[in-house]
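With chain A fixed as given, assemble chain B onto it according to the hints.
Chain by chain, the residues:
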Amino acid sequence: MKKIYYREWGIESPRYWGILAVLGVFLAVGGLAALYMEHHGHWVTGMNNEIVWGVPHVFAIFLIVAASGALNIAAFGSVFGKKIHKSLGRLSAMLAMSLLVGGLLVLVLDLGQPTRLIVAMTEYNFKSIFAWNIFLYVGFLVIVAVYLFTMMERKASKYYPTAGLVAFVWRLILTTGTGSIFGFIVARQGYDAAIMAPMFIIMSFAYGMAIYLLMLMFTFKLDGRPLGEKLLGRLKNLLGIFAAAVLYFVLVYHLTNLYGTENHEYEAFILRDGGIYTTLFWVGWILLGLLVPMGIVFHPALGKTHGGIIAASLLVILGGFVAMYVIVIGGQAFPMAMFPDKVIIESGFYDGVNGQPLHYAPSIWEFLLGVGGVAVSLAATLVGVRVLKLLPVSLEDEIVDPYHS
Amino acid sequence: MSGKVDQRRREFVSVAGLAAAASVVAPGVFLQATAQAEPRSAPVSSKTRYGMLIDTTKCVDGCSDCVSGCEKENGLDLLKMPEGADPEEWDRQRPRWIRTVKVKDRLTGTVTSLPMMCQHCEFPPCQDVCPTGASFRRVDGIVMVDRHTCIGCRYCMMACPYKARSFIHEDIDEKLTIAPRGKGCVESCNLCVHRRDNGGTTTACQDACKHGAILFGDLNDPNSEIAQELRRQNNTELRADLKLNTGVRYRGI
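So the sequences go chain by chain: A and B. Per my numbering, residue 1 is the first one in the first sequence, and the count goes up by one each step. Per my numbering, residue 1 is the first one in the second sequence, and the count goes up by one each step.
The set of hints was computed from the structure by calculation and includes no laboratory data. All the given hints hold, so there is nothing to weed out.
Listed next, the in silico DSSO-like pairs over lysine-lysine satisfying Cα-Cα at most 27 Å (straight line):
hint, chain 1, residue 1, chain 2, residue 2
1, A, LYS342, B, LYS102
2, B, LYS243, A, LYS342
3, B, LYS210, B, LYS104
Which stretches of chain B does chain A cover? Using the computed rule of at least three CB atoms under 8 Å from a CB of chain A, they are:
hint, segment
4, 79-92
5, 98-106
We treat Cβ as the ideally placed atom computed from N, Cα and C, and that holds for glycine.
The following block holds chain A by itself, in its conformation from the complex (with noise of 0.2 Å):
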């Protein structure tokens, strides 16, 4: 293996602030959504008492959980001593930093109170979930920083497998806290399962994947760096082989869930009856979000293209935005058991009157508040390529794997 030497991304400024400047435009937007639904309330929102988490932790979750998963490419480097990932790794650790940012944000722009960050900073309750992450995304971000640390500084060389390995561990363990928010609550159908926590992991493996790919090939196209088709063409084959993992978690999830009866009329919901949220699950997440991708990634002639790699990537982020509004709403919408042997016929109060969902129509606002949180991810990682080196100069299949052939 030839040294590897990595260079700040020097396309032309011009174009390097003009795409800040798209991006900013998508923050500032953002910002003043977020602004107005502070302002204003959360009653210009979709958001009610009967679906509480919208749009903005669709996109929240969905920036948390591929935060971990963009880890990967570089765990795979120092955990399981993959060669090939190790020269990844900058980029891998910059992009989860920022993906995680950028979730963050947009969760807490959400809250009721954001600007009690202060009380959630100092009053802890442990036997919340909600507690244990704060800990764990703050911990994820001063780890993955050291962490990149030691890839780039040659004196903490020495400690590059440690801190590898403690990432890495700290990462299964963060997304087991984030699927675990779902997973820890009794009252709601569709949560309540400790598949939750390995799915949420699993989910992160694709859609950190797609969205690292995406990256790498958008910074190497514009700065005219060559990438080697090999190693393109492995990281799209673990592309693939997540999305059937994820497709094999989602049917043990159902199966499981169809084997008891109790649970029959959340999986009709959800599955057959549940309208928008049933066309999403077919049509959104398990067509074009698993199975279109994995065609496309392992066929024959496709997947050697780069519109190809391309295409099945953001086909699987687009899937992940679609999982995360079938979980995160749909298991709202799907009216609670109160009275498990009996149906509600009238209510003061919208719960779920004959079994009806429960009413969600999200707002403009919402949407614009995510897509900002996915702005800063974006411009985060783009203003760590340029200003540190992070990107190698060249990852032709020579360079990073002399015996590829």
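Just chain B, lined up with the frame of chain A:
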């Protein structure tokens, strides 16, 4: 000037000092005295466990007196729809501490009307999930929200099996001293906690119910009416499968 002390001057200073101190302290003392018309004699104790028994056989279909009683008592009727809001959306966003629900038995088709509110669990899921500890259970069994530390994350609303909680979606113009509220916090029935702390023995919903369907009291006191009634006849805990040991019990469902 010899070493002789000017006694008159010294007396003047001490009298003036006392007068100044009294003028600062006195209003506080007197205001405090008026505010404590009914002194809080004892601290909250775990010897007491407040709860309710709802006799659905007495509950009348179409009556919502308990709801209006609660809303008046806790200032929920003071909330106004924000200008420009869609009335239907707003109705889903405005807070309710108690609501009426009509249920039909899946097997027998028997229809029952009942009021639903926070069930004041012994092991409240809302308390478990709250990251800051704002959602808490008093030692006397009342589950409520500390509005100073609630950050408005709504995780408690996700976790409550009874959908008992409401989020304040809008600015508050008017509120009662006994039930302070603000935009961006979560709240729910607190068994009229202000009455508890001022010696009251009933809740607003109980007082409003003309049919005597709601009985409030101390579940731990064997001589209390509620404890005797609970012993006398079977009662039901909603979602008993979750083993939350609710403080609100139902008869007739």
